[in-house]
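S.K.: Sequence:
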Amino acid sequence: MLEIERKYLVKNTDFLEELKGKRITQGYLSTDPARTVRVRIKGTQGFITIKGMSTDSGLTRYEWEKEITIVEAEELLELALPGVIDKTRYEIVIENHTWEIDVFHGANNNLVVAEIELETEEETFILPNWIAQEVTGDTRYYNSYLSEKPFSEW
1 MLEIERKYLV KNTDFLEELK GKRITQGYLS TDPARTVRVR IKGTQGFITI
51 KGMSTDSGLT RYEWEKEITI VEAEELLELA LPGVIDKTRY EIVIENHTWE
101 IDVFHGANNN LVVAEIELET EEETFILPNW IAQEVTGDTR YYNSYLSEKP
151 FSEW
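No gaps in the numbering here: position 80 of the sequence shown is 80 in the working numbering, and each next residue is one more.
These are computed hints drawn from the structure, not numbers from a lab.
Glycine included, each C-beta is placed from N, C-alpha and C at the ideal position.
Be aware that one or more of the hints could be misleading.
What the hints assert, rightly or not - Using 16 Å as the maximum straight-line C-alpha spacing, the simulated EDC-like pairs for lysine to aspartate or glutamate come out as follows: (1) LYS42 with GLU74; (2) LYS11 with GLU134; (3) LYS7 with GLU123; (4) LYS11 with ASP86.
Claimed, not checked - Here are the in silico distance ranges between beta carbons for each label pair: (5) GLU5 with ALA34: 14 to 24 Å; (6) GLU18 with GLU78: 34 to 44 Å; (7) LEU118 with GLU78: 30 to 40 Å; (8) ILE126 with VAL71: 35 to 45 Å; (9) VAL71 with GLU122: 41 to 51 Å; (10) ARG89 with LEU127: 11 to 21 Å.
All chains, please: the whole structure from these sequences, using the hints.
M.R.: Laid out in structure tokens, this is it:
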């Protein structure tokens, strides 16, 4: 399945006070850009995800995801490369689009990123007033990169 998404920095998080987020812990079995393999615990669910190389624009890439048991996810996280990602994800729907806002913790503290998944690269949407600059395609904001070079070290 192809994933098409755009990524932005968030300049104001006041709107998150009204929302309930889910804690996410994720680690990487491979951070090779051609085949990133991620293990994630989101709340009480476990997932394994494989992502392919991004297009030149950074908007599109192959993504395969499968739900696994929480026990399997915990076991696989034990094999993860150093640099586990810890964040809280909030979701908000604006005009038929779901924005995912990730508030990072630990070594990536003070980083807040919003993503929107699209049907096509040309699809239009409304930018909320809490959006700052677009960072789509900037590999520094990929979670796999942040696991190796945390935001606090930039």
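S.K.: Against each hint, give a clear statement of whether it holds in the structure.
M.R.: Cross-check of the supplied hints:
A distance of roughly 11 Å separates the Cα atoms of LYS42 and GLU74; the hinted pair therefore holds under the 16 Å criterion. Between LYS11 and GLU134 the CA atoms are separated by roughly 11 Å; this keeps the pair inside 16 Å, and the hint holds. Between LYS7 and GLU123 the alpha-carbon distance is near 14 Å, which keeps this suggested pair within the 16 Å criterion. With a C-alpha separation of about 20 Å, the suggested pairing of LYS11 with ASP86 is violated against the 16 Å cut-off.
For GLU5 and ALA34, the hinted distance range of 14 to 24 Å is satisfied, since their beta carbons lie about 19 Å from each other. Between GLU18 and GLU78 the beta carbon distance is about 36 Å. The supplied range of 34 to 44 Å therefore holds. The given range of 30 to 40 Å is respected by LEU118 and GLU78, whose C-beta atoms sit roughly 35 Å from each other. With their beta carbons about 41 Å apart, ILE126 and VAL71 fall inside the hinted range of 35 to 45 Å.
The hinted range of 41 to 51 Å is satisfied by VAL71 and GLU122, whose Cβ atoms lie roughly 42 Å apart. Taking the beta carbon of each, ARG89 and LEU127 are about 19 Å apart, inside 11 to 21 Å as hinted.
Going through the hint list in order, the structure does not satisfy hint 4, though it satisfies all others.
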